[in-house]
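Trainee: Read off the chains here:
Protein chains: 2
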Amino acid sequence: MDFCDYFPIWDKLTKEEQEKLTACVSRRSVKKGTILHDGFGDCVGLLVIRTGQLRAYIFSPEGREVTLYRLFERDICLFSASCMMQNVQFEITIEAEKDSEVWVIPPNLYKQLVNESIAVSNYTNQLMASRFSEIMWLIEQIMWKSFDKRLASFLLEESLLDGTNVLQITHEKIANHMGTAREVVTRMLRYFQNEGMVRLTRGAVEITDSRKLEELRDA
Amino acid sequence: MDFCDYFPIWDKLTKEEQEKLTACVSRRSVKKGTILHDGFGDCVGLLVIRTGQLRAYIFSPEGREVTLYRLFERDICLFSASCMMQNVQFEITIEAEKDSEVWVIPPNLYKQLVNESIAVSNYTNQLMASRFSEIMWLIEQIMWKSFDKRLASFLLEESLLDGTNVLQITHEKIANHMGTAREVVTRMLRYFQNEGMVRLTRGAVEITDSRKLEELRDA
Numbered sequence: 012m013d014f015c016d017y018f019p020i021w022d023k024l025t026k027e028e029q030e031k032l033t034a035c036v037s038r039r040s041v042k043k044g045t046i047l048h049d050g051f052g053d054c055v056g057l058l059v060i061r062t063g064q065l066r067a068y069i070f071s072p073e074g075r076e077v078t079l080y081r082l083f084e085r086d087i088c089l090f091s092a093s094c095m096m097q098n099v100q101f102e103i104t105i106e107a108e109k110d111s112e113v114w115v116i117p118p119n120l121y122k123q124l125v126n127e128s129i130a131v132s133n134y135t136n137q138l139m140a141s142r143f144s145e146i147m148w149l150i151e152q153i154m155w156k157s158f159d160k161r162l163a164s165f166l167l168e169e170s171l172l173d174g175t176n177v178l179q180i181t182h183e184k185i186a187n188h189m190g191t192a193r194e195v196v197t198r199m200l201r202y203f204q205n206e207g208m209v210r211l212t213r214g215a216v217e218i219t220d221s222r223k224l225e226e227l228r229d230a
Numbered sequence: 012m013d014f015c016d017y018f019p020i021w022d023k024l025t026k027e028e029q030e031k032l033t034a035c036v037s038r039r040s041v042k043k044g045t046i047l048h049d050g051f052g053d054c055v056g057l058l059v060i061r062t063g064q065l066r067a068y069i070f071s072p073e074g075r076e077v078t079l080y081r082l083f084e085r086d087i088c089l090f091s092a093s094c095m096m097q098n099v100q101f102e103i104t105i106e107a108e109k110d111s112e113v114w115v116i117p118p119n120l121y122k123q124l125v126n127e128s129i130a131v132s133n134y135t136n137q138l139m140a141s142r143f144s145e146i147m148w149l150i151e152q153i154m155w156k157s158f159d160k161r162l163a164s165f166l167l168e169e170s171l172l173d174g175t176n177v178l179q180i181t182h183e184k185i186a187n188h189m190g191t192a193r194e195v196v197t198r199m200l201r202y203f204q205n206e207g208m209v210r211l212t213r214g215a216v217e218i219t220d221s222r223k224l225e226e227l228r229d230a
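So the protein sequences, as listed, match chains A and B.
Going by our numbering, the letters in the first sequence line up with residues 12 to 230, in that order.
Going by our numbering, the letters in the second sequence line up with residues 12 to 230, in that order.
One or more hints might be untrue.
Note that identical chains are pooled: a pair holds if it fits in a single copy or bridges any two copies.
As the list claims (entries may be wrong) - Using 25 Å as the maximum straight-line C-alpha spacing, the simulated DMTMM-like pairs for lysine to aspartate or glutamate come out as follows:
#1 Lys-223 / Glu-168
#2 Lys-223 / Glu-73
#3 Lys-156 / Asp-49
#4 Lys-23 / Glu-84
#5 Lys-160 / Glu-102
#6 Lys-122 / Asp-22
#7 Lys-184 / Glu-108
#8 Lys-23 / Glu-102
#9 Lys-109 / Glu-206
#10 Lys-223 / Glu-102
#11 Lys-26 / Glu-127
#12 Lys-156 / Glu-194
#13 Lys-26 / Asp-53
#14 Lys-184 / Glu-28
#15 Lys-156 / Glu-225
Rather than coming from a laboratory, the hints here were simulated on the basis of the structure.
When you get a sec, could you build the whole thing from the sequences and use the hints?
Mentor: If you want it as structure tokens, here you go:
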């Protein structure tokens, strides 16, 4: 098992703590689309991502979604253990956005480690500060950036993540990521198409002029 | 000095740590409007609020503001020590919203405590989780709530905080709190006035029908 390579503070743990982790950590493979954590309803524990990609999001009473952040290889998903953390008063959902392999640190073990190891407690602070930074970035996007820039930014990021200019994504899905309605996305994408920045086909958005899209994003 | 009464984990510190704090903590009186912390630019340390009220906010490149959260008596302001925290990649500004008295824990001492005391480290986690929860609440407000409900909610909260139905606040100030333009606020307040929920006078907004305002907020 190579868990220790993926857990950044492994060397700061005592031998006893390392043994506990080795004994209790389990590996789990999940298919794309699997919900790994669903608000206050469950408490799976800390997830250490070996391969794949997770997405954290919230949704409104009407079912509208907005993506908060994503987690990639070697990232650690903290809020799937939120039941073990005091003062966490919000619900988020975590889904596998690609087929993924994760290690699961059981919530009780995690709580025990936080209470006995300064390294774990301080590392938890760092993780939370990272997520906090991502959320603050999102607020700035929502508050200050117009929707055309946000959409340009989203398409470019997706293209980078997927390593292709042809994004296999529906307008509905994009709307879910951005917390808006499908119609708003469709209208803006058509505008982008008219400007020669993208080409729209069934179930896909092809970036045809990434330079122009970048200029829009950074304008 | 009654600092120990205001520092919730005082009893969990060692005698040595308590002595260090007693020796290094300073008390500071600030006038309403004083900027206590200004982004990455400075690092005043942890602020423990004895009396008064602080406001945390961000602003856009164009100078538009949005209030993130407020801190009251016995709250602890964490991000004024953000230079000491890893992975904090956002800038916020902290101002005294009322005349306030705070204790300042110097950043170096705080860092030292976090690295040697599990109690301090875990408490930092709790503080961050609290602020995180407030930010998540704000995102939900911005994303899912229409502006009329947000404004109703803001007026009611202000009224509660100030203990009066006559809010001495300009439309400009309200706009700053909510990250929008003054015109948008003025338009909505006039609508509220037409509906009999508020009365507008120079430099003040009087809530004349709080029940109706609450109904709007909760609708």
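Trainee: Next step is simple, just say for each hint if it's right about the structure.
Mentor: Hints, verified against the model:
In this homomeric assembly, Lys-223 and Glu-168 come within 25 Å of each other (Cα to Cα) only inside a single copy, at 14 Å, whereas the closest approach across copies is 44 Å. Taking the shortest Cα distances, Lys-223 and Glu-73 sit within 25 Å of each other only across copies (24 Å), while inside one copy they are farther apart (35 Å). Taking the shortest Cα distances, Lys-156 and Asp-49 sit within 25 Å of each other only across copies (22 Å), while inside one copy they are farther apart (29 Å). In this homomeric assembly, Lys-23 and Glu-84 come within 25 Å of each other (Cα to Cα) only inside a single copy, at 21 Å, whereas the closest approach across copies is 37 Å.
In this assembly of identical chains, Lys-160 and Glu-102 lie within 25 Å of each other by CA distance solely across copies; the values are 22 Å between and 28 Å within a copy. Both within a single protomer and between protomers do Lys-122 and Asp-22 lie at most 25 Å apart by alpha-carbon distance, with minima of 19 Å and 21 Å respectively. Proximity of Lys-184 to Glu-108 under the C-alpha cut-off of 25 Å is restricted to the intra-copy arrangement: shortest distance 12 Å within a copy versus 42 Å between copies. Proximity of Lys-23 to Glu-102 under the C-alpha cut-off of 25 Å is found in neither arrangement, the shortest distances being 31 Å within a copy and 30 Å between copies.
Within a single copy, Lys-109 and Glu-206 get their C-alpha atoms no closer than 31 Å, and across copies no closer than 51 Å, so neither meets the 25 Å cut-off. In the homo-oligomer, the alpha carbons of Lys-223 and Glu-102 never lie at most 25 Å apart, since the shortest distance is 37 Å inside one protomer and 30 Å across protomers. Taking the shortest alpha-carbon separations for Lys-26 and Glu-127, both the intra-copy value of 13 Å and the inter-copy value of 20 Å come in at or below 25 Å. Taking CA atoms no more than 25 Å apart as the test, Lys-156 paired with Glu-194 passes in both settings, with 19 Å inside one copy and 19 Å between copies.
In the homo-oligomer, the alpha carbons of Lys-26 and Asp-53 never lie at most 25 Å apart, since the shortest distance is 30 Å inside one protomer and 40 Å across protomers. In this assembly of identical chains, the alpha carbons of Lys-184 and Glu-28 never lie at most 25 Å apart, being 42 Å within a copy and 52 Å across copies at closest. In this assembly of identical chains, Lys-156 and Glu-225 lie within 25 Å of each other by CA distance solely inside one copy; the values are 14 Å within and 31 Å between copies.
When held up to the earlier numbered hints, the structure conflicts with 8, 9, 10, 13 and 14 and fits the remainder.
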